[in-house]
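Protein chains: 2
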Amino acid sequence: MTVRAGIVVTGTEVLSGKISDRNGPWLAERLFEMGIDLAHITICGDRREDMEAQLRFLADEGVQLIVTSGGLGPTADDLTGEVVADFQGRPLELDSDMEAKIGRILEPLMKRFQHLDRDAVLEANRKQALVPRGATPIDPAGTAPGLVVPPAEGREGPTIVVMPGPPRELQAMWPVAVETDAFQAAVAGRPTYEERMLRLFGIPESEIAETLRVAEREMGSLDGLEITTCLRRGEVELSARFEPPAEATWDELERLVAERHQHALYSRDGTGVDAQVADLLAGHWVATAESCTGGLLAARLTERPGSSAYFAGGVVSYSNEAKSELLGVDSSLIERHGAVSKEVAEAMADGALARFEADLAVAITGVAGPGGGTEAKPVGYVCWCVKGTNGECIVRDTVLPGDRVEIRDRSTTVAMHLLRRVLVGEKAPL
Amino acid sequence: MTVRAGIVVTGTEVLSGKISDRNGPWLAERLFEMGIDLAHITICGDRREDMEAQLRFLADEGVQLIVTSGGLGPTADDLTGEVVADFQGRPLELDSDMEAKIGRILEPLMKRFQHLDRDAVLEANRKQALVPRGATPIDPAGTAPGLVVPPAEGREGPTIVVMPGPPRELQAMWPVAVETDAFQAAVAGRPTYEERMLRLFGIPESEIAETLRVAEREMGSLDGLEITTCLRRGEVELSARFEPPAEATWDELERLVAERHQHALYSRDGTGVDAQVADLLAGHWVATAESCTGGLLAARLTERPGSSAYFAGGVVSYSNEAKSELLGVDSSLIERHGAVSKEVAEAMADGALARFEADLAVAITGVAGPGGGTEAKPVGYVCWCVKGTNGECIVRDTVLPGDRVEIRDRSTTVAMHLLRRVLVGEKAPL
Chain A
647 MTVRAGIVVT
657 GTEVLSGKIS
667 DRNGPWLAER
677 LFEMGIDLAH
687 ITICGDRRED
697 MEAQLRFLAD
707 EGVQLIVTSG
717 GLGPTADDLT
727 GEVVADFQGR
737 PLELDSDMEA
747 KIGRILEPLM
757 KRFQHLDRDA
767 VLEANRKQAL
777 VPRGATPIDP
787 AGTAPGLVVP
797 PAEGREGPTI
807 VVMPGPPREL
817 QAMWPVAVET
827 DAFQAAVAGR
837 PTYEERMLRL
847 FGIPESEIAE
857 TLRVAEREMG
867 SLDGLEITTC
877 LRRGEVELSA
887 RFEPPAEATW
897 DELERLVAER
907 HQHALYSRDG
917 TGVDAQVADL
927 LAGHWVATAE
937 SCTGGLLAAR
947 LTERPGSSAY
957 FAGGVVSYSN
967 EAKSELLGVD
977 SSLIERHGAV
987 SKEVAEAMAD
997 GALARFEADL
1007 AVAITGVAGP
1017 GGGTEAKPVG
1027 YVCWCVKGTN
1037 GECIVRDTVL
1047 PGDRVEIRDR
1057 STTVAMHLLR
1067 RVLVGEKAPL
Chain B
647 MTVRAGIVVT
657 GTEVLSGKIS
667 DRNGPWLAER
677 LFEMGIDLAH
687 ITICGDRRED
697 MEAQLRFLAD
707 EGVQLIVTSG
717 GLGPTADDLT
727 GEVVADFQGR
737 PLELDSDMEA
747 KIGRILEPLM
757 KRFQHLDRDA
767 VLEANRKQAL
777 VPRGATPIDP
787 AGTAPGLVVP
797 PAEGREGPTI
807 VVMPGPPREL
817 QAMWPVAVET
827 DAFQAAVAGR
837 PTYEERMLRL
847 FGIPESEIAE
857 TLRVAEREMG
867 SLDGLEITTC
877 LRRGEVELSA
887 RFEPPAEATW
897 DELERLVAER
907 HQHALYSRDG
917 TGVDAQVADL
927 LAGHWVATAE
937 SCTGGLLAAR
947 LTERPGSSAY
957 FAGGVVSYSN
967 EAKSELLGVD
977 SSLIERHGAV
987 SKEVAEAMAD
997 GALARFEADL
1007 AVAITGVAGP
1017 GGGTEAKPVG
1027 YVCWCVKGTN
1037 GECIVRDTVL
1047 PGDRVEIRDR
1057 STTVAMHLLR
1067 RVLVGEKAPL
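As given, the protein sequences belong to chains A and B, one line each in that order. Under the working numbering, the first residue of the first sequence carries the number 647, and numbering increases by one thereafter. Under the working numbering, the first residue of the second sequence carries the number 647, and numbering increases by one thereafter.
Hints in this document: simulated from the structure, not taken from any laboratory. Hints may be right or wrong, so weigh each one.
As the list claims (entries may be wrong) - Heads up, simulated EDC-like pairs for lysine to aspartate or glutamate below, C-alpha to C-alpha not over 16 Å straight-line:
(1) B:Lys664 to A:Glu851
(2) B:Lys988 to B:Asp1005
(3) A:Lys773 to A:Glu841
(4) A:Lys773 to B:Asp683
(5) B:Lys664 to A:Glu841
(6) B:Lys664 to A:Glu769
(7) B:Lys1023 to B:Asp1043
(8) A:Lys664 to B:Glu841
(9) B:Lys773 to B:Asp723
(10) A:Lys773 to A:Asp785
(11) B:Lys773 to B:Glu825
(12) B:Lys757 to B:Asp732
(13) A:Lys747 to A:Glu728
(14) B:Lys1023 to B:Glu1072
(15) A:Lys773 to A:Glu802
(16) B:Lys773 to B:Glu799
(17) B:Lys988 to B:Asp1043
(18) A:Lys664 to B:Glu872
(19) B:Lys664 to A:Glu872
(20) A:Lys773 to A:Asp741
(21) B:Lys664 to A:Asp723
(22) A:Lys1023 to A:Glu1072
(23) B:Lys664 to A:Glu745
(24) A:Lys773 to A:Glu728
(25) B:Lys747 to B:Asp723
(26) B:Lys1023 to B:Asp976
(27) B:Lys773 to B:Glu802
(28) A:Lys664 to B:Glu675
(29) A:Lys747 to A:Asp785
(30) A:Lys664 to B:Asp683
(31) B:Lys664 to A:Asp741
(32) A:Lys664 to B:Glu679
These numbers come from a predicted model, not from an experiment.
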């Protein structure tokens, strides 16, 4: 049996394009993993009629589950709780346990902002403790509780899961909502799927498309596998969802991909390069030297908790003086080869090794644009060096596509992959 | 008269969350600027029934304009032209001028990829030259033409603007579509709006909500102003859209906000702190010293083209050794006060000033978590110092809410605001 769902993203700031929605895509992936068939995502502003119209539309389309995000704050334009309660025919009632919980959450905030009107804050937040009769409240990760709201007794229609707008809160509260009886009842009877993901780096998406055509030809068919490929941050992700009997077909496809893309395939279990590098860095002491990426690589290496165990530090040597003064790059080397050159990248890595007493260093220098490009070194031209104290050394350069933001981001991705190759001892070309 | 619109974003890869939609937000901003009231954005996969259902929904909601993106390619799952033609009751007909144009666009492509089957390509692309009878075709920016499709003669309903999915193509073709008679007829009689935005830092959203309540009480009403508040990256944005006669109401509201939130209100024209700091840094030479933010502040300061004119460089001194070795922070100071302390923040700023020969330095040290917190210095405790060679010096500490990602990001926002205050010579507390 197929279970169909819809997502309603609310918020005038999302509808108006002021902030881009992260909840729709995140929820879409969660529903997909659960074997729920997402039919529609709709986005509306903080307007009662529009929100009602979207709920009505999705109910008429026959979905069994609707997930809403946003509109749970304390202000008057936060309407979702009210609209959903009306839509499901369940009157709002004050949940005094929840009111007390929210009060405890707000206590430290009110201490910090002593000039706040205490009663006004509690009054505004009382609204957040209103729960439709018979609905299941979900404890807040911020200050706004979530809700799982089935239709009123005797009514037909979708169960509505009401989540707050801030992605961190929504993501923390979602698993709790999924575990509720009301949620499980709404999605009962859906098929069980297996999920797999391969990650590849260093080949265009069209190569994977070609491999899939070859697979269909050689294996007869890929029936039973729901395959998607996706280009993300310069990597190709090949994902499949399938019911358990198709597992052998998947295994065969995976073998074929591994055979055809031996060097590009770096992950068979879906783990990304960041996680792999973090694991591989155990016992190492790594430093960075960055120019065009301006600190993004250091920031990426320290994104994970516990990174202080292996990350010594980094230098953002944006100016030539900084390259010389902080990393000891010979200024005549810069004069001879230019600040963006393989030679300077290597000297930067040498400097980082020495200054941080590290055993591994990664250096990046490049032209992020939009200005500063030349015919020989156009915008997007970037040089990397990964060097270790045990004689490891990779130096690479290439021209990356995209705008300033993309070039900077892609440069850190290439750096992560070069670092990974050094750490696993791969000698293959990137 | 209000003109209402809807946007239909098509594409299974967008619906599934694999790629994030950039067309909805972009079109939303264009419609808003034109004074067209966007009511709904809907996203569906490449499924005929779902696309039809969304068009039907929007038509039933009474919108006068629908803009679709995606589904105009040559392959079988590109359905938009067909679905829209059916929906508007206008049969598809081959536009031979358009066919010739597409042929000329494909010519160089076919020369480059000699192995392509010429007839197959032309056949596939003939599909893209099909135009609903009486619709206005829009010349392609890639290979797919757009369409402006009014309802068939004698029918009621919205005019549908059909645009390709690739953002670059859509953005190039949109102005042409807007200029067509069919588009202008559909949106005739819309009002002209003014737009304003205030940005505030250092107060919770609930304070603004309270100010809006006070404004309503004191000013009688805020009728005529369409107000939204939005919390973004730790700042509060207060936006309003209004027809020209309501300008005086806005001015009064702005005065009230400025009076009540004198120190928090930092932008009356919508410019963000990054843009303001970039302007203010002209003629300066700034350096950073970061611990918990791991390079994010340097990355943020170098996000803009031209930042090399004022950004000298930065040190990510993640380890204590790096703080001492690269920034000259006295190790006894670290022992006495701890690496996360106002004293060490100031010493890091001193070090950055000296090492980069800068005239301004920003230092951050804190506990980003999830581990490493103590009772005295819990997760989220962060210290900043902004120091200049002309005696400017601000040192601050606070406990930031959120998880590791948010604490790191928020820390850079606070740093940007402290830097701004030093640059404009404000002495007020943050």
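Checked hints:
1. Proximity of Lys664 of chain B to Glu851 of chain A is assessed by CA-CA distance (about 14 Å); at most 16 Å being required, the pair is judged to hold.
2. At roughly 20 Å between alpha-carbon atoms, Lys988 of chain B and Asp1005 of chain B are farther apart than 16 Å, so this suggested pair is violated.
3. Taking the CA atoms of Lys773 of chain A and Glu841 of chain A, the gap is near 41 Å; set against the 16 Å cutoff, the hint is violated.
4. Of the pairs offered as hints, the one joining Lys773 of chain A and Asp683 of chain B is violated, with about 29 Å between alpha carbons and a cut-off of 16 Å exceeded.
5. Restraint check for Lys664 of chain B and Glu841 of chain A: satisfied, since their Cα atoms lie roughly 15 Å apart, inside the 16 Å limit.
6. At most 16 Å may separate the alpha-carbon atoms for a hinted pair to count; Lys664 of chain B and Glu769 of chain A exceed this at roughly 41 Å.
7. With a C-alpha separation of about 10 Å, the suggested pairing of Lys1023 of chain B with Asp1043 of chain B holds against the 16 Å cut-off.
8. Taken as a hint, the Lys664 of chain A and Glu841 of chain B pair is honoured in the structure, with Cα atoms around 13 Å apart against an allowance of 16 Å.
9. Under the criterion of a C-alpha separation no larger than 16 Å, the hint pairing Lys773 of chain B with Asp723 of chain B is consistent with the structure, at around 12 Å.
10. Restraint check: the Cα-Cα separation between Lys773 of chain A and Asp785 of chain A comes to about 15 Å, which is no more than 16 Å; the hinted pair holds.
11. With a C-alpha separation of about 25 Å, the suggested pairing of Lys773 of chain B with Glu825 of chain B is violated against the 16 Å cut-off.
12. With a C-alpha separation of about 36 Å, the suggested pair Lys757 of chain B and Asp732 of chain B falls outside the 16 Å cut-off, and the hint is violated.
13. About 20 Å separates the Cα atoms of Lys747 of chain A and Glu728 of chain A, which puts this hinted pair outside 16 Å; it is violated.
14. For the suggested pair Lys1023 of chain B and Glu1072 of chain B, the alpha carbons sit about 28 Å apart, so the restraint of at most 16 Å is broken.
15. For the suggested pair Lys773 of chain A and Glu802 of chain A, the alpha carbons sit about 28 Å apart, so the restraint of at most 16 Å is broken.
16. Annotation: proposed proximity of Lys773 of chain B to Glu799 of chain B is violated, straight-line Cα distance about 24 Å (limit 16 Å).
17. In summary, the hint linking Lys988 of chain B to Asp1043 of chain B is supported, as the alpha carbons are separated by about 7 Å, within the 16 Å threshold.
18. This hinted pair checks out: Lys664 of chain A and Glu872 of chain B have alpha carbons roughly 15 Å apart, not beyond 16 Å.
19. Our distance criterion of 16 Å between C-alpha atoms is met by Lys664 of chain B and Glu872 of chain A, whose separation comes to about 14 Å.
20. The hinted pair formed by Lys773 of chain A and Asp741 of chain A meets the criterion: a straight-line CA distance of about 10 Å does not exceed 16 Å.
21. Our distance criterion of 16 Å between C-alpha atoms is broken by Lys664 of chain B and Asp723 of chain A, whose separation comes to about 31 Å.
22. Of the supplied pair hints, the one linking Lys1023 of chain A and Glu1072 of chain A is violated, its CA atoms being roughly 28 Å apart against a limit of 16 Å.
23. At roughly 38 Å between alpha-carbon atoms, Lys664 of chain B and Glu745 of chain A are farther apart than 16 Å, so this suggested pair is violated.
24. Taken as a hint, the Lys773 of chain A and Glu728 of chain A pair is honoured in the structure, with Cα atoms around 10 Å apart against an allowance of 16 Å.
25. Restraint check: the Cα-Cα separation between Lys747 of chain B and Asp723 of chain B comes to about 23 Å, which exceeds 16 Å; the hinted pair is violated.
26. Under the criterion of a C-alpha separation no larger than 16 Å, the hint pairing Lys1023 of chain B with Asp976 of chain B is inconsistent with the structure, at around 21 Å.
27. Straight-line distance between C-alpha atoms of Lys773 of chain B and Glu802 of chain B comes to about 28 Å, which puts the hinted pair past the 16 Å bound.
28. In summary, the hint linking Lys664 of chain A to Glu675 of chain B is supported, as the alpha carbons are separated by about 8 Å, within the 16 Å threshold.
29. Taken as a hint, the Lys747 of chain A and Asp785 of chain A pair is honoured in the structure, with Cα atoms around 8 Å apart against an allowance of 16 Å.
30. Note on Lys664 of chain A and Asp683 of chain B: the hinted pairing holds, with a Cα-Cα distance of about 15 Å set against a maximum of 16 Å.
31. Of the pairs offered as hints, the one joining Lys664 of chain B and Asp741 of chain A is violated, with about 38 Å between alpha carbons and a cut-off of 16 Å exceeded.
32. Under the criterion of a C-alpha separation no larger than 16 Å, the hint pairing Lys664 of chain A with Glu679 of chain B is consistent with the structure, at around 12 Å.
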